[in-house]
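Colleague: For chain Z, the structure is supplied; the task is to place chain W on it using the hints.
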Amino acid sequence: MRNLPRLRLIQGAGVVAVFAVALAVPALAPDPATTNIAVFTMMYIGLATAWNIMGGYTGYISLGHAGFFGFGAYALGLLLTHLKIAGGYEPFLLVPVAGLLTAVLALGIGWFALRTRAATFVIVTIAFMFMLQLLAENLVGLTGGGAGLSFPSPTWSGDFFNTPYYYAMFLLAAVGLGASWLIRNSKFGLGLLAIRDDEDKALAVGVPTGAFKLTAFVISATLVGMIGGVYGYYVTYIYPQFVVDPLIGISMVLMVFLGGLGTLSGPVLGALILEPSQLWLAYNYGASKLYLVFYAAVFLIVILLLPRGIIPSALELLERWRTRSGPAAPAPAAPSTPSTPVKAVTP
Amino acid sequence: MTLVLEAAVLGILTGGVYALMASGLTLIFGVMRIINVGHGALVVLGAYLSFAIWRALNIDPFLTLVITMPVMFGIGLVLEVVFIRPLKTDREALSVLVTYAIALGIEGLLGFFFTSNYVQLRAWYANASFPIGSFHVTYVYVYGFVLCLAILAAIFVMLYRTTFGASIRATMLNRTAAQLIGIDVDRVSAIAFGIGMATAAAGGVVFGITNAFNPGSHYDLISRLLTIIVLGGLGSLRGAIIAALVMLVSEDITSVLISPVWASFVFFVILVLVLLVRPQGLYGVRVRDRL
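If you read the sequences in order, they're chains Z and W. Just so we're aligned, residue 1 is where the first sequence starts under the working numbering, counting upward by one. Just so we're aligned, residue 1001 is where the second sequence starts under the working numbering, counting upward by one.
Same shape as in the complex, but just chain Z (with noise of 0.2 Å):
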């Protein structure tokens, strides 16, 4: 049934609705705590979706992809610094840089860890962080080691102080869920989920894995780059352990897991959940430590009653529903483009 026209209408017409909330968010809740939320909130929608290219349509858990954000945030700070850029909107301009650099990066590292499959690539993308945490730290010359590195101080104050950020942020998710949704749609992302389904099958009819898969860990990790870069702008100072941080590389995946691994929408929905919540749990109650039970509580619920996301078990309850309560008409034609990606489970 999904794919009516009215549906893809009504489709449609939520996607363009969702976006004009979320252009409108600066507007309609201007005080500095609330926009502060949007930004980080957006800032996991971009991270979530991009993660998602990689471990949702390839099945490949990266869990280091925090080492991206990193690089990505340490890229951009280095740049403005030996560009001597002062603060000011042209530090976004040099977002894409970061990118590319990570990207480059990325190639490299992909390039070794995909080497490795299942098991062994999530150790080794854990390995790859923790590394160039080490770096961060290690290379006190070039990036002031455990002193930090600063960032220039924006020229804009005030209750707009998070407006630009959160364009930004919103930006990047966005050209994220683009990618995402191209790839989707195309024989690359075909050829990504015939490698998460069965790897070896996908190669033997002939699809080139090895390059597929880097590409999709290249795109994934530049969108993180880039976002780590606008991250490290916002905060205006960041050192080794707090933008190479391993919960920031396990929130995005935790999102994507609980919206739905491979969907489209999931890892926005996911973020939308997860985000605001454990920023709320921070505030009330980081001191104690405490939250990081709360969040590991949250987590292990997502898990174990939801293990396939909100989207795809919604998305069934509806299917079921329909096909109970409605005529027994004859089963739509299958859509052109895969719908919900549904594993198939192997005994």
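Hints may be right or wrong, so weigh each one.
What the hints assert, rightly or not - Where chain W lies over chain Z, by a calculated footprint (3+ residues, C-beta under 8 Å):
id	stretch
1	55 to 68
2	181 to 193
What the hints assert, rightly or not - Here are a few chain Z residues that sit away from chain W, every Cβ distance over 12 Å (derived from the structure):
id	residue
3	Ala22
4	Asp31
5	Leu93
6	Leu264
7	Tyr283
8	Pro307
9	Leu317
10	Leu318
To be verified - Derived Cβ-Cβ restraints for the label pairs, each shown as a range:
id	chain 1	residue 1	chain 2	residue 2	range
11	Z	Pro276	W	Ile1181	45 to 53 Å
12	W	Ile1132	Z	Leu304	50 to 58 Å
13	Z	Leu139	W	Arg1161	22 to 30 Å
To be clear, the hints were calculated from the coordinates, so they are not data collected in a lab. The beta-carbon is built from N, C-alpha and C at its ideal position, and this holds for glycine as well.
Modeller: Using the frame of chain Z, we list chain W on its own:
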């Protein structure tokens, strides 16, 4: 030269602890095909349990193991039954997230009860040492090393000389086939997880005596342990032990020859170099995933 030799000896002594901790981790992977990202946090939990008992009863830190090992074994059983066993589909990926969550939960609870201040277990003979040639070796390091060797030996005896060990090895080789010949793989998994936790308790004590630790120490630990088991080949006990010794010795030698800040980095460099040549690790078997 003496410095290098001293570093090598120290590397072997501390390598023993890492060998024990990594064995637990690789055993769990071998039996259950899950990566227990919470292993570092559970080692830190073991260290804190020992710390609490040691502070309350004022006994030799090593003696606390009589209590902490069974307790951690029990915790392991509960964790396996409650959190790992319900994962039916996509186990490998989901288990990483679940155990990560367990690590965060433990870090949070430890932070709540013990604050983030660094603590250390201290035996009364903490500073006693004996000379080997021109340098001194501290007794606690030797005791810790001997303890780890003893437990590792016990694990090997259990694995290769008992019927239960045979069922563990059978489950590691082929879970479905083991099930077919009547092995209760769920029970084996739970007990293997428990054994892993008991070794974490022992590793925790030695770690806690030789290092100052706080609830956040688990990140550093787990990154090293994961590197070690990948280097050794996932699921290979022998590989884990050799990798632990190689890693710790090269780390300590780097610390002396180059600088302590680069010591941990060598860890990862060795991993990268070995995986370039052997993506399956030193003793790993190259298997097609998801058969």
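Colleague: Could you check the structure against the hints above and give me the numbers of any it violates, in ascending order?
Modeller: 2, 8 and 13
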